Amino acid sequence: MTSPAAPSSFPSGLPSSPGAHVRAVHDDFHGDLLEVSMGPHHPSTHGVFRMIVTLDGERIVRLKPVFGYLHRNHEKLGEQTTYLASMPYTDRLDYLNSMTNNWAYAIAVEKLAGQAVPERAEYVRVILAELTRLLNHTCLAGFLLQDTGCSGTPLMYAFREREKILDLFESLSGSRMMCNFQRFGGCRLDPTPEWLAAVRQLVDGYGRFLDEFEALISGNEIVMARTQGTGVLTPALAISAGVTGPMLRATGVDYDLRKVDGYGVYPRFEFRVPLGAHGDTYDRYMIRILEMRESIQILRQALRDLPAGPILDPKAKNRGFRPKPGEAYGRIEGPKGEIGFYLISDGSPNPFRYRVRPPSFVNLTILEDMCLGQTVADAVIILGSIDIVLGEVDR
Amino acid sequence: MSVGPLQLCLLFSSALFCVGLIGALSRSNTILVLLGIELMLNAANLNFIAFWRFGPNPAAATGVIFVLFSIAVAAAEAAVGLALVIAIYRHQKNVRLQEASQLKG
Amino acid sequence: MTTVLLCLALFTVAAAAVAMAMRNLIHSALLLVASWAGIAAFYLWAGAEFVAFAQLLVYVGAISMVVLFAVLLTRHSRLDFDREPETRGRVRLALFTGGAVCGVLVAAVLGTAPSSVPAAVPSLTVRQLGLALMGPHAASLLAVGVVLTVALLGGVVLAASARHSDPEDAP
Amino acid sequence: MSLPGQLSVLFPLASGLGASSPLAAVLPASDSALERLPLTLRGLLTGWLPASWQWLANSLIAIVVLIVAFASLFALLTLAERKILGRVQNRPGPNRAPLPFLNLRTYGLAQPVADGVKMLTKEDIVPDGADRVLHFLAPIALLAFSILTLAVIPYGRLLVALDLDASVLFFFAAGAATELAVFMAGWASRNKYSLLAAMRALAQLISYELPLLLSVVPVVLMAGSLSTSVIVERQGEWWLGFLPRWYVFTPWGLAGFLVFFVASLAESNRSPFDLPEAESELIAGHLTEYSGFKYALFFMAEYFGMCALCGMAVTLFLGGWQAPLPFLSFIPSYLWFAGKLLALLGVFMWIRASFPRLRIDQLTRLAWKFLVPLALINLGTTAFWSLTADWAGLLQPLRWLIAAGLIAGPFLLLGRNLSKGLGPRTYRYAA
Amino acid sequence: MLGTGLLQGLAVTAKNLVGSFHDPERYVTMEYPEVKTKLPENYRNFPFLVHDDPKDPLGSLRCVACTICETECPPQCIYIVMDRDEKGKALKRPKVFDIDISVCMSCQICVEVCPFDAIKMDQHYEIAETNRFQGLLLSREQLSKSNAYYHQLHPTEAAAVDALLAEQKAKQAAAKAAKAAPAAKPPAPAAPAANPPPPPAPSAEAPKPPTPPAP
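Heads up: the sequence lines are chains X, W, V, E and G, in that order. Oh and the first sequence: position 273 is 273 in the numbering used here, straight run, nothing missing. Oh and the second sequence: position 69 is 1069 in the numbering used here, straight run, nothing missing. Oh and the third sequence: position 15 is 2015 in the numbering used here, straight run, nothing missing. Oh and the fourth sequence: position 223 is 3223 in the numbering used here, straight run, nothing missing. Oh and the fifth sequence: position 62 is 4062 in the numbering used here, straight run, nothing missing.
So here's chain X without its partners, still in its complex pose (with noise of 0.2 Å):
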């Protein structure tokens, strides 16, 4: 085991054969050290992933992630199916997402192609992929709340809200969650004015919402003793882990895709980008809520300003799809960070390379970073606010 103190001798009198591996288990509750397995079955793990943290009492001394349980060879696969047959297996990269997912992955496909996209399309991208970032926020701050030990509460109401937004994309994409929305050039279905009725009492009742969830939460005593200050992560090493999204805001580094690459129409809304000052898990929480009312911001503007016209490139080719020999990167700012996709294309109706660079996955990396010292309930609260999706972390 770990202990530096592991005894040298046996002592005579204890029994030899029977029970061997009782003693092995005896060995680690005598070390200085435990090491504690946590996961892959573990209620806070977010999914099948493992923490093998090494405990002085409660203070961690070690952290080592070990994940790839979820891991179901996505880029190979993305490799063996045609364009179009990828775009539904990124839904189930981050499926709670699959919005902007798709757009992410349409964006890199529309770059190798020179594909144009109808301004209709765009504004429709936009207003989902900031209820997407509703969504995912709203189901982050439950679930961050649900690791800090709340008896479910928070998460309920988080989920009271996200259900109505999965309801909305189930009745214009048809399935809540795996949306397959997006095409090449465009949307594939046009949105109604029910449909865009519903999303604006939607986004009017959001503030609401956020009203009370924060007097629920973010002037809690026990909140905001358990999240300030613990996991901070300085903006030189979020930067040298490649963390992007509200993680990397969270440091105070202004970092925001939708400002610096301006993709779709996005400059076109005036919205805010909120910083913290700390990079602690509090801070993570409260960018994300902060973020959650720009998205309505830029929601109200889109729904105010979606033009009409086509819905879809009419000169678009989805099926048959063969582009000409080239690369492509294509990324977005997602609900948790960059979310991209290069390709490669040699011609044929399959990409010759399909890599994704998910959020996830990179903001993990600094896991261990952000718990040493901390102890093992702060260790849950710290995943929980890197705010993992383990399908994109082991894709």
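Treat the hints with caution; some may be incorrect.
Which residues of chain W face chain V? A few of them, derived with a C-beta cut under 7 Å, are [what the hints assert, rightly or not]: (1) Gln1007; (2) Leu1010; (3) Ser1026; (4) Leu1039; (5) Leu1041; (6) Ala1044; (7) Leu1082.
Heads up, simulated DSS-like pairs for lysine-lysine below, C-alpha to C-alpha not over 25 Å straight-line [stated by the list, open to error]: (8) Lys164/X / Lys4095/G; (9) Lys315/X / Lys164/X; (10) Lys4087/G / Lys3083/E; (11) Lys111/X / Lys317/X; (12) Lys3083/E / Lys164/X.
Since the hints were derived computationally from the structure, they do not count as laboratory data. Please read these numbers as outputs of a predicted model, since none were measured by experiment. All C-beta atoms, glycine included, are put in the ideal place defined by N, C-alpha and C.
Based on these hints, arrange chains W, V, E and G on the given structure of chain X.
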């Protein structure tokens, strides 16, 4: 040779005292030695209660009060003793009494 | 009523003896707790209700916790098992000493004439006890209070300073 | 001497539902038949027995009644807790378990029965390498100690199973042993999560026993007795003839109640102090390796402990079985007690539905840096209150003001100190 | 002051507790088997085949066994064998059309790529089965559903499809009439304007059906 309840109590207390004594002398684990001493203290307390109960003047609560004080002191002893044990352990990584031969760390 | 006493005594001494002989420290500690509870039952039997509850509260409630904590914090290595040859002699010596002391004590107890047993259980209310503590024994109460406070501070200082002074502690 | 005689020697003051209570004389002559109902029923059952056996029979009845009453309360509480939790979370809670053979759903009232059947029929698993004896003993010990604590609570006028002179001390002595059982469970399971839980349970007990006891001392000081019956009696008077003189309605009583309440949340391992079984960190803590009937026993003991602590809080601070207003005294005392107990249990559940969990170092810090000092200051305030008992006229409001200030000032200071560095933040936006 | 945030939180939960008794916004559970949500028209879960004549559900399938959906299906859960007469001539209808809905991921790509509007998405979701293999492997007979059923599920979409088909039919009839008159023009392919279907070429590499092991 008659054995009254007082004698019984005293025998009980002596037995307990000796168990504590043997434990304290024979074990090399500091925690167990401390516990043996605790046991001896308890045995002494038994005597106080026995003499109060079967003594000539039970109205005077002296025996009971003495036991109360003794329990308080025993608690203090346990707290300091076990703190010492932990200090020793942190220093020499075991709690063998024989090896704790230095007062200075 | 001697049967009750005998049962209590047997239980208490047996628990203590087994506790002292156990190799597993946790088992020892838990058996000792049982033994302490037996002593509390003896106090109840003797009519010293308040002392019995105090014994339970202090020993079963507090000291046992401290002991268990100490056992867990000092995860004993195998060196602590008393099975090395050099300790055998000590065990024999301890048994001899204990036996001798026991013999002397038993002889002294049995050699004394039994005193007259009061017929009724002496009644001692908490109020009487309190008055006695605050009256004639107030000075000793203060002294005990000071001892406890000093012991508490000492314990904290000992346990806390040991943690900081040990450079090897850091992994 | 006969067996019951011997037992009564062993517990000289044990008297079975207060038959020899020193307060036997205070039962008012005008008491309604409803008020006397429990005693009348017991008289019918045991009145014909010879005197030496009557004591034993009365004690047995008290034990059986207590266990049956609280076991059924436990069944209802599990349902109520899940219902309340459900309602807070905008869902109905368990409402589907039908009555057997009838297929009537009755709002989920049969759920406890279904749970019980499930628990009893589950396989009892003892992990390989576990300490079988301790693993087996732990739930039993826990339940036994929890039931012991129920014995000294006065459930109504003259309704106390064990009317001891030092019953408050008894309560805490028995209560202190429960964490020992939790430790046994955690350690015997040979599971690392359980071991961590056991360590946490120990730390939690050591930290919270102190404020719990210290918050009770003022009550004992003011009532001048350690007997729960006397403490309740003392709260039976009225301010100005109609306001109840419960201890919670005084500055020191309020502070003591709050400290006691928080500490009892911790003592009963309830949210936000449910660290030993923190499910998001330690799976189920000390319960990880328990299943079936043993698990049910743990669950039961936890609820018994919660009921006992709530009952004690009601007894010490909320006037026990006293009616809140004089003209409401016609309602039997045990009903008042039950009402207060259920209300307090409801608050426990409400808190569970609302708060996340503390971390172990924050938990101990809260105890040592906030609750213990506050309880000590409260003790001083109580001394002041007791010394100024004869202030009258204009001095009376002054007394209230000084006492309130003595509590509120330290509360604010300690609170500020405790939450140093924490607080709502304002965020900047990128330019 | 310490505790204000906690009290605020308690107020929120109390509001929800009370609200759950009178405010439908705060009591959102649907008690499923008794109450079912109204599915939106776009809802999809597993594909079915549309037939036009309820009296002959297998003979009147719109499917011509072109295997486009089989090729495009991302998880490759469709298996088609074209029916042929004795001479080996393609009959433009499937002999075998199997969908393993335990593999299907409800992506609707088969529907999108079908040039004949022959395959559509079902909305029936209570399909739990105790048999993992046979129970979830749907054959032509189970998949074939009437056009009326399709209208019932997706009225708007079905109406549009019907209009399109009617238009095509009219065009076809006109073409036939035109052909009958000059008898010189080659027959126009019966296909929508956008993408004429590639010739059905059942290649050797066609994916093997998920052969279930014998239970």
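We went through each hint and held it up to the structure:
Look at Gln1007/W: its Cβ gets to within about 6 Å of chain V, closer than 7 Å, so that hint holds up. At a threshold of 7 Å, the smallest CB-CB gap from Leu1010/W to chain V is about 4 Å, leaving the interface hint in force. The interface hint given for Ser1026/W holds, since its Cβ lies 4 Å from the closest Cβ of chain V, which is under the 7 Å cut-off. Because the beta carbon of Leu1039/W sits about 6 Å from the nearest beta carbon in chain V, less than 7 Å, this interface hint is met.
Hint on Leu1041/W is violated. Least Cβ distance to chain V is approximately 10 Å, over the 7 Å limit. At a threshold of 7 Å, the smallest CB-CB gap from Ala1044/W to chain V is about 11 Å, leaving the interface hint violated. With a least beta-carbon distance of about 4 Å to chain V, the hint placing Leu1082/W at the interface is held under the 7 Å criterion. Straight-line distance between C-alpha atoms of Lys164/X and Lys4095/G comes to about 44 Å, which puts the hinted pair past the 25 Å bound.
Taking the CA atoms of Lys315/X and Lys164/X, the gap is near 34 Å; set against the 25 Å cutoff, the hint is violated. Of the pairs offered as hints, the one joining Lys4087/G and Lys3083/E is violated, with about 71 Å between alpha carbons and a cut-off of 25 Å exceeded. Between the alpha carbons of Lys111/X and Lys317/X the distance comes to roughly 14 Å, so the proposed pair stays at or under 25 Å and holds. Restraint check: the Cα-Cα separation between Lys3083/E and Lys164/X comes to about 24 Å, which is no more than 25 Å; the hinted pair holds.
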